[in-house]
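There are 2 protein chains.
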Amino acid sequence: MKLSSRNLDPALNTIYDAIIVGGGMGGLSAAIYLARYGLKCLIVEKGKGRSLWMQDLRNYLGLDPHTPGRNILNHGTKQALDWGADHLRGYVEEVTDEGETFAVRVKVGKTESIYPVFRSKYLIAASGIIDNLPEIDDMQNLYDYAGYTLHVCMICDGFDMWDQKAVLIANSESQINAAFVLNWFTPYISVLTHGLCAVSDQMKQKLAEHGYPLYESPIERFLGKNHKLHGIKLVDGTVVEATTGLVSMGSVYHNHYLKGIAGLEWDGENLITNDMTQTTHNRIFALGDLKKGLNQVSIAVADGTLAATQIWRNIRRASPPRKWEENLVKS
Amino acid sequence: MKLSSRNLDPALNTIYDAIIVGGGMGGLSAAIYLARYGLKCLIVEKGKGRSLWMQDLRNYLGLDPHTPGRNILNHGTKQALDWGADHLRGYVEEVTDEGETFAVRVKVGKTESIYPVFRSKYLIAASGIIDNLPEIDDMQNLYDYAGYTLHVCMICDGFDMWDQKAVLIANSESQINAAFVLNWFTPYISVLTHGLCAVSDQMKQKLAEHGYPLYESPIERFLGKNHKLHGIKLVDGTVVEATTGLVSMGSVYHNHYLKGIAGLEWDGENLITNDMTQTTHNRIFALGDLKKGLNQVSIAVADGTLAATQIWRNIRRASPPRKWEENLVKS
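Protein chains in written order, with the numbering used here: chain A, 568 to 898; chain B, 568 to 898.
Hints listed in this document are in silico derivations from the structure and should not be mistaken for laboratory results.
In this text, a Cβ means the ideal position worked out from N, Cα and C, and glycines have one as well.
Incorrect hints may have been included.
To be verified - No farther apart than 27 Å at their CA atoms in a straight line, the calculated lysine-lysine pairs in the BS3-like style are these: (1) B:K773 / A:K732; (2) B:K890 / A:K732; (3) B:K773 / A:K890; (4) B:K771 / A:K890; (5) A:K677 / A:K826; (6) A:K859 / B:K859; (7) A:K773 / B:K890; (8) A:K890 / B:K800; (9) A:K771 / B:K890; (10) B:K890 / A:K800; (11) A:K890 / B:K732; (12) B:K773 / B:K792.
As the list claims (entries may be wrong) - Derived, one-sided and incomplete: chain B residues facing chain A with beta-carbon distance under 8 Å: (13) M592; (14) N626; (15) F726; (16) A745; (17) S865; (18) I866.
Could you put together the complete structure from these sequences and hints?
Put into structure tokens, the structure is as follows:
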């Protein structure tokens, strides 16, 4: 059921089997499975997740390679609702581990916000990441290319950069190292730091040895039309010719609500999970980009399957068996 | 490229980066990723895999729940071909580990068969399983219900059996135990052995304690119409009322071609793999139903992503870096 500030009462009196933080690919897959296990779940989706920005989902079996991320999100949300999941647009502010349950405080509404608290036995962290992008004066100019010819994921879109002149936009020396993977797809790489980091002599030498020019001036503007990049104009007046680009500037992890919870083990900002996506807290599961591993739609979708199945197993094993009462011999 | 007995010559002179045994959900996902990594792969598909029989794929994010398995298979095959994979209809008879390469002998054509041998650096075992079904005189009568109201996967279809009268068709005592999981979805379970196994007194007592009747006579015929089951007629004349059923009779594993290869570790018929689906043989990967874990489309699709990515990493790391030659300072 679609929830909003006007119809929250039944949900506030429910102890959900699971609350899913994030209605992206992983969270929706988890919801579809949970609902089809007959379990009660609530998806809390803040909007504007990473997959919403994808213009073309090229590598997911069964969908046309021009399917935009938002189409799957809309379709999957409807699937989850149809099977019986609850869905609320809101922002998870805080999660408190109450022992048997979690209390999940959600901000609903941008203005005149309310702060309902929902409860669940299990928590599925599926709130993902969002890519850092270079800040320029006219961000719309960047959005005209992001997801079209300016990419954030080499595994997803490296193929579409094949042997093109490409910029790699990096904000640290370790991110510059992506050039030495990107060169699998194209050797025509110009490295741009957007003025965000110093570059060591050692790295400069390595780039020079590969023939990859380095530009340390900030980006002024992306040049091109119809989402097709032609070049990048830097603040110092240089124009770098490029028909494609990769932004390699790290990510913001949407995991603040987990930071106060005891028992979670982290690897940097990623949660450590077992082969069923269970974290080191046995009632918290982490999916997709929040856990260690590949940041791919197919992986997040499978993670949703795994988390939901393990939660079902746990709940089922703790439940009394259902008997066929009319066949029981009365003793 | 679609291969057949008429256009095999270029393929026979190719060392593929990977040969994928099985063009089901996992194999196709692997092919899409491999092709988009710019790697050369060949899918060998024998036809009639498990997912071809699925009438409705209920739980895969992004597709309508009435999508038949064959639609995804056709769509995914086209996707893989479009990105540059090769595809051959044939049956892998034998795989020989030659050290640097595998030699994969394929039977092509049912009549006047030929037996070409293809070579690859890596092997992806994605040939899956097929469910055992009860043998009856008129198998078409069974196929009228299989995949519609007679299911083989509880995780996939348990929800659609909710509180219905159901038969569980089992061929061993351990398979009868599925009743005590199926009762999550419905308690109205009749257990049928189709005359295939003896049932211990202990199991009989446990079934009786749950109120689940046991029928040991073989099945004569499935009753109903338009793929909707009404009941099952047994050879002894009994009619068991049921509107749905689960066949729990184990599976045939399509893994014969791996049995002679040294270095593989097995758990029963499943291959042991690491978190990138790599088996204990470092040039063989195993996907989906052939490896340990859930037999779900979403899992197989993610496995294809993982295997292809690890193969790409291995090949990329062993390749000389591509330099931007015109920028190199001549020394």
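For each hint, the structure was consulted:
A hinted pair counts as satisfied when its Cα atoms are at most 27 Å apart, and K773 (chain B) with K732 (chain A) does not qualify at roughly 70 Å. This hinted pair checks out: K890 (chain B) and K732 (chain A) have alpha carbons roughly 13 Å apart, not beyond 27 Å. A hinted pair counts as satisfied when its Cα atoms are at most 27 Å apart, and K773 (chain B) with K890 (chain A) qualifies at roughly 11 Å. Proposed proximity of K771 (chain B) and K890 (chain A) is supported: the alpha carbons are some 15 Å apart, at most 27 Å.
Proximity of K677 (chain A) to K826 (chain A) is assessed by CA-CA distance (about 24 Å); at most 27 Å being required, the pair is judged to hold. Taken as a hint, the K859 (chain A) and K859 (chain B) pair is honoured in the structure, with Cα atoms around 20 Å apart against an allowance of 27 Å. As the CA atoms of K773 (chain A) and K890 (chain B) are separated by approximately 11 Å, the hinted pair is consistent with the 27 Å bound. Straight-line distance between C-alpha atoms of K890 (chain A) and K800 (chain B) comes to about 24 Å, which keeps the hinted pair within the 27 Å bound.
Between K771 (chain A) and K890 (chain B) the alpha-carbon distance is near 14 Å, which keeps this suggested pair within the 27 Å criterion. With a CA separation close to 24 Å, the supplied pair K890 (chain B) and K800 (chain A) stays within the 27 Å bound. For the given pair, K890 (chain A) sits about 13 Å from K732 (chain B) by alpha-carbon distance, which is consistent with the 27 Å threshold. For the proposed pair K773 (chain B) and K792 (chain B), the alpha carbon gap of about 33 Å is over 27 Å, so the pair is violated.
Look at M592 (chain B): its Cβ gets to within about 6 Å of chain A, closer than 8 Å, so that hint holds up. Annotation: N626 (chain B) was flagged as interfacial toward chain A, and the flag holds, the nearest CB pair being 5 Å apart, inside 8 Å. The restraint placing F726 (chain B) at the interface with chain A holds, with a minimum CB-CB distance near 4 Å, inside the 8 Å limit. Nearest Cβ of chain A to the Cβ of A745 (chain B): about 13 Å, over the 8 Å cut. The hint is violated.
Restraint check, S865 (chain B) versus chain A: the minimum CB separation of about 5 Å is within 8 Å; hint holds. For I866 (chain B), the shortest C-beta to C-beta distance to chain A is roughly 5 Å, which falls under 8 Å, so the interface hint holds.
The structure shown violates the earlier hints numbered 1, 12, 16.
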